[in-house]
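A.B. asks: The lines below spell out each chain.
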Amino acid sequence: MKEKHVPGKRYGMIIDLDKCTGCGTCTIACAAENNVSVRSDESDKERSITWMELFKITNGKEFPHTEVCYFPRPCMHCEEDGRGHHQPSCVSVCVATATKLDHNTGIVSQVYTRCIGCRYCQAACPYKARYFNWWDAYFPKGKGLERYLSPEVSPRMRGVVEKCTFCHHRLMRAKNLAYAEERRELEEDEYITACAEACPAQAITFGDLNNPKHRVSQLIKSPYAFRLLERLNTKPKVYYLSNKDWVRKLADNYLPGEFEKIMKLSG
Amino acid sequence: MDSPLLPEGVKRCSTKAFFLWTLPWLGLLAWGGLSAFLCLWKGLNQTNMSNIFAFALWIVFDLAVIALGAGAFFTGFLTYIIGKKELKNVINAAVIIGFICYSGAIAMLGIDIGQPIRGWFIFWHANIHSMLVEVSFCITCYLMVLAIEFVPIILGNRQLSKIRELNIFGHNLHETMAVFAATGTFLSFFHQGSLGGMFGVLYARPFAARDGFFIWPWTFFLFILSAIAAGPCFTILCTKLTEKLSRKKLVPDNAIQLLAKISAFLLSLYMVLKIADTLGWIYGVVPRAGLKFIDFYQEGPYGVWLVVCEIIIFGIAPAIILLVPKARQHDGWLIAACLMTCMGIVLNRFVFIVVTLAIPVMPFDRFWGYLPTWQEWGIAMAVIGYGFLLFSAAYRYLPLFPKERELNPVTE
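Chains A and B, in that order, give the protein sequences.
Okay, so the first sequence: first residue is 1 according to my numbering, each after it adds one.
Okay, so the second sequence: first residue is 1001 according to my numbering, each after it adds one.
Just so you know, these hints were derived from the structure itself, not from any lab.
One thing to keep in mind: the hints can contain errors.
Coverage of chain A stretches by chain B, computed from C-beta distances (three or more under 8 Å per stretch; other residues unrestricted) [claimed, not checked]:
1. 13–24
2. 95–102
3. 112–122
4. 131–143
5. 158–167
6. 193–204
7. 250–260
Heads up, the beta-carbon is just placed ideally off N, CA and C, and yes, glycines get one too.
Let's have the full structure, built from the sequences with the hints guiding it.
C.D. replies: This is the structure we're talking about:
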């Protein structure tokens, strides 16, 4: 039977911060899956590469009232630049068209062989989700890391910017399989990112935001769902979930009294 | 030793003295050469730039020298298009300053990008929505225009002008200068503006983001205005420095005074619009992002003093000095005001680049600091060394100031 083709997918994810334990498995899975180069000394956090970065936030209160939350931050795969233009901030500024928003998938790609390394996209991204290769790609030999290298993802050369691609190669793989099986549509779990797959707490849910059958599209309707820096109007496709007020408040900037008003409106 | 190359009827220092003068500048060039080699060979890890400070000292220098080099196109516009004949006495110097600034900026940009060999992708795979593409196109084209404007000055050399064909070529090129001045004005208008636009369109960075007109954020217009206000001031400073060092009067007062007067009005207009823009930002962009003005000035060394310096000390103060005829006619006040104007523009570019990136947007993110490495300083200083060398050589061997002979008759 021929399936009906549904155009315009919007892949996205929702991360349940109340489930996240801050174990960092998503970060490691992402780096291993995507051939992210390492350095012999990874303590220089300003120049290390972590597509899925883990922030630790606290409610700022003294013990015993202190609460901690871990905030995983992949590329937000924004839909707009903040002024209503239908391309993310990083895409509209890129000089060499090395990064594009695919309107069929919603994924913001990065063409490493076209990037000239001007880093204007890094300046444009408020989430700091873009990383520059300050060194040549390095995978220490004899420590097993080279055996993990994936043939599906090209390693990046020195002098270019890289970022989370929502494991785009996994989408390609799933589509190839579907094509071989003469299917036009992917099942919900056929294409998920490495971080979503690896999360031991199942805090990350990935899928098509446009497909009402996908869990992610149902979860983003929760009154506790929110996006990072939502007021900037960049329309990220990464959502977060938390029933803690202080966590939701820390996800954006608010003038005194503004957050309380939003709370009242949403009940 | 090089006397046959020197312009006729003017006095120059001895070859030995000139050689000694060039040594510190050659030293800066050597430092820059070593730094450039290391950055190209080992990569940009030789700098202290980071994923937070994606733009740093070099971009500040780039934007600063491009703003200061605006004297070239603006003086050309005033001389050839508006017809301010007295400025012909300073146009050659302005063109060479512009050439130094633009060629220096492009050389720095070549090292600043991670993949210099792919630099041509900007033109081949151009993203027409990017302000940086407009900047790159216009700067490259304008450097060609500046090179063409430089040619008749080079051909004015005593020995070269003896070659009939070159003399005729140089003369004819000079006659068509209005066309190049107009082209230069058009190109400069867009790249000065786009440099401002580059930061105004960072809509997701509330510190830099600006509202605007159609596709242009207000910074587009402010950068043009600030560049044409500061450019003539920098031309005056370079001329005055040459006069002090050579102990000669090189440019008639009326040319300098005209530039200072025009700069005064432009700077005043710029300050009015800059204040309006700042207020618009404080009451528009900033609260929309859920922030207060003071939120941007609480971390690190970047306090409200930046705004005070930019608007009052290096903005309103020099504008007043330059507006008052008696003050601008006094050499000391004139130089001080020009220096303050130039510092204000450099500070403005610094704020838009470094402070924009230093201030975190995510509420839970931390403030990061940045200090350049010696390699970064080396490349920046090399542009200064290159500027001194080229300008000194041009002054020594070319008819840079047409009235020099008249103002300084050589008494045998």
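A.B. asks: If a hint holds in the structure, say so; if it does not, say that too.
C.D. replies: Going through the hints against the structure:
| no. | hint | result |
| --- | --- | --- |
| 1 | 13–24 | violated (count 0) |
| 2 | 95–102 | holds (count 4) |
| 3 | 112–122 | holds (count 8) |
| 4 | 131–143 | holds (count 6) |
| 5 | 158–167 | holds (count 4) |
| 6 | 193–204 | violated (count 0) |
| 7 | 250–260 | holds (count 7) |
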